[in-house]
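Undergrad: Numbering-wise, my numbering comes out as the position in the sequence shown, counting from 1, plus 265.
Mimicking DSS-like on lysine-lysine, the simulated pairs with C-alpha atoms at most 30 Å apart in a straight line are: (1) Lys-685 to Lys-642; (2) Lys-385 to Lys-558; (3) Lys-553 to Lys-393; (4) Lys-558 to Lys-609; (5) Lys-558 to Lys-389; (6) Lys-389 to Lys-553; (7) Lys-553 to Lys-385.
Label-pair ranges, simulated between beta-carbon atoms: (8) Gly-612 to Ala-582: 25 to 35 Å; (9) Leu-576 to Tyr-763: 41 to 51 Å; (10) Tyr-763 to Tyr-352: 42 to 52 Å; (11) Gly-500 to Gly-295: 43 to 53 Å; (12) Lys-389 to Arg-530: 13 to 23 Å; (13) Asp-449 to Phe-534: 22 to 32 Å; (14) Leu-590 to Ala-687: 28 to 38 Å; (15) Ala-623 to Asp-449: 24 to 34 Å; (16) Thr-564 to Arg-276: 47 to 57 Å; (17) Tyr-302 to Ala-357: 29 to 39 Å; (18) Val-578 to Arg-530: 25 to 35 Å; (19) Leu-568 to Phe-440: 18 to 28 Å; (20) Tyr-763 to Leu-526: 17 to 27 Å.
Bear in mind the hints are in silico, worked out from the structure with no lab data behind them.
All C-beta atoms in this analysis are idealised placements derived from N, C-alpha and C, irrespective of residue type, glycine included.
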Amino acid sequence: MNQGPASALARNFLGHAPDWYKWIILAFLGVNPLLLYMAGPFVTGWLLVLEFIFTLGMALRCYPLQPGGLLAIEAVALGMASPQAVYHETAANFTVILLLMFMVAGIYFLRELLLWIFTKLVVKVRSKALLSLLFSFTAAFLSAFLDALTVIAVVIAVGAGFYAVYHKVASGRGFDDAHDHEDDVLVHDPRRGDLERFRAFLRSLLMHAAVGTALGGVCTLVGEPQNLLIGQLAGWNFGQFFAKVAPVSLPVLGVGLLTCLMLERLRWFGYGEPLPESVHHVLERYEKSLESKHDPRTTMRLLVQGLTALLLVLGLALHVAEVGLIGLSVIVLVTAFNGVIEEKRLGHAFEEALPFTALLVTFFAIVAVIHEQHLFKPVLDLVLAQEGRSQLVWMFVANGILSMVSDNVFVATVYITEVKAALDAGVVSREQFDLLAVAVNAGTNIPSVATPNGQAAFLFLLTSALAPLIRLGYIQMLWMAAPYAATMSATGLLATMYLL
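Using the sequences and the hints, build the whole thing.
TA: Right, dumping it as structure tokens:
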């Protein structure tokens with residue numbers, strides 16, 4: 266059947282996204298210029314932020330890069346942010362871009378070792394509560410010394426490996442057969458029901474680990490990118506930073522781990538689903554299959570990956586180079602000694618990270634709008650107008666709320682820079698500055714777990730190839746993060762009020 270140009274364009278626009286979604290995006294693009302003319306850039310800027318969050322929320326319907334990118338391009342075209350401002354935000358986050366480009370790809374080449382280790386862990390530890398606590402604590406510990414994105418990349422690689430193994434068997438395939446694990450057509454009852462329960466099992470493990478990255482990230486100078494900036498402006502070394510934030514970070518860590526256990530015991534908010542017996546049997550068989558195939562080459566591959574992983578941890582902990590460059594070193598070492606030298610095989614490693622890298626740069630365009638239009642200024646003025654301990658509470662709350670909406674690194678940068686300017690101008694004392702710095706750190710790291718757009722690690726998980734496979738969408742992440750956000754934020758607020 267012949268189609269006219271208009272019909273063909275309508276079908277091509279945003280591909281297979283639902284028609285109602287396409288109309289909403291077109292409505293956004295049409296309303297923004299009118300609102301800019303009628304209400305001004307401040308109101309339009311906040312609407313644009315909410316529109317972009319909507320595209321993140323619909324990530325399972327349409328990858329956010331295209332609709333979010335159209336909104337970003339329109340914002341620049343309307344003069345709400347200059348191309349130079351977008352470039353400045355991107356350049357300021359170049360270390361994160363390098364990390365995504367190379368570290369995530371580096372983890373891809375360690376997946377054989379990771380799957381071997383974690384398969385043994387999941388097979389041996391039958392208690393779901395204990396397994397969840399191990400995932401959360403391990404993610405927290407690693408994130409205190411490594412980057413949260415690196416840790417979540419490891420967790421995603423492990424989760425994707427587990428899912429692929431079971432989906433093959435549930436579809437009647439062998440462990441070594443080629444298979445499209447995005448297609449459920451060959452999965453029949455009772456395995457279809459077990460697959461749904463396995464998805465719930467993986468969702469809970471990934472969310473426990475994702476929250477764990479925030480629990481550990483708040484504790485140390487290197488835990489999150491904004492921590493480095495805060496420590497630099499405050500003049501704190503690693504030990505001083507840990508000691509300064511400990512009155513808030515350690516109670517939050519304890520409450521976060523207790524929340525993990527409580528959710529698994531009570532089976533609330535989508536947690537508590539145990540590993541189905543059929544899946545456990547498959548993973549046991551897979552473990553034995555791996556062991557039976559161990560020849561000298563396999564042993565050497567795992568040894569190379571293990572030594573490289575050790576160098577990775579030491580390199581990140583000692584900060585011998587930028588994270589992305591260490592990731593590139595991982596790629597070179599593992600592929601060189603494991604014989605992966607063909608360009609085609611190397612290219613697969615970058616498929617997961619590069620779409621998200623493009624999305625993150627698009628997000629920086631929205632951040633540029635926030636910066637250029639001073640969307641956070643009224644809140645900032647309100648906070649700095651407070652005095653004493655009340656100022657600390659307002660700082661924690663303001664940073665927390667804004668970090669749920671925008672990127673927590675950006676929010677921290679804005680607030681700690683203004684607080685440093687207030688110190689230099691004699692508006693706040695050095696003692697008050699130190700307390701405010703802790704409030705900024707806690708406010709941007711803790712309540713931001715409430716939304717996927719609050720932390721880059723959460724956003725990476727939401728937009729990963731694994732998320733649609735295990736049915737982990739924006740609303741599902743909001744729901745599963747809610748109890749953590751409530752208990753951790755309340756603890757952080759009380760600690761800011763009474764323990765600092």
